[in-house]
Amino acid sequence: MAGRQDNRASFWGDLFQRWARPNSPQSPTPSRRRPREPGRRVYAVGDIHGRLDLLVTLEGLIRRDLAGAPPAHSCLVFLGDYVDRGPASREVIDHLLERPPLCNEQVFLRGNHEQVLLDVLSSANRLEEWVSFGGMETLASYGIKPRLSLGAEAAADVQREFAARFPAPHLAFLHATRLTFETANHFFVHAGIDPRRSLEQQRPSDLMWIREPFLASTKQYPKIIVHGHTPVRRAEIHPNRINIDTGAFVTGRLTCAVIDDTACRFLHTIG
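Residue numbers for the sequence shown follow this note's numbering, so the first one is 2 and each next one is one higher.
Simulated from the structure, these hints should not be mistaken for laboratory data. Any given hint might turn out to be false.
[To be verified] 25 Å max Cα-Cα, derived DMTMM-like pairs, lysine to aspartate or glutamate:
1) K224 to E106
2) K146 to E92
3) K146 to D95
4) K220 to E183
5) K146 to D120
6) K220 to D207
7) K224 to D207
8) K224 to E162
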């Protein structure tokens, strides 16, 4: 079993090396677009992907930051992708449901991996696709260990067993996740937005899945977009967006953006 886990970890590591976008030069942000959040402090956490160990460490950093300079109001926003790829998806959701809130306000957004998980729980149609991009680790965390390649009959059997075992509180958590969250100056979302549409007219599929044309766009939006989904080696601040997905499941670097009256800074685990 250890050999299989090592092989999967190596697989995700190799994939990250090919897939992660190189950090682009960070352009100076005009003062009128400087990431700020008057009257509150927002902590935004990137893609966790089953790494409970990193989440617990990052929460310790957030607690220390709050204690060092308590804000009048604090808000903790998770950008989605709690599950898949890492070894402890079930434990991550248990932890998020059971631990006391860290901030005055807490928001859970939905990532593409949560959406596919919900689809799999209702039908076997996407199960083999899901298993191939991280779902195998999630199934294992719930006590189910399928083969990587499944026929239609085997997939249906796995789906029925998984749906029967899946805890009702976890299903309620997934259904309660939101697609977006807004503050005075920032628009929080899992993947990004379609630059051709207004913030009010975004499609759910883009909010959870988009890469281009969002990542290449230099358009100035009404609010700065804070997102994950596309891993970079270090968190990025652009004039129109902030990317905090640093590939935690393979790099060991889980990132949190801290946005308050003064600016945007980052807390992160050491990968």
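Against the structure, test the hints numbered earlier, and report the numbers of the ones violated in rising order. Of the numbered hints, just 8 does not hold.
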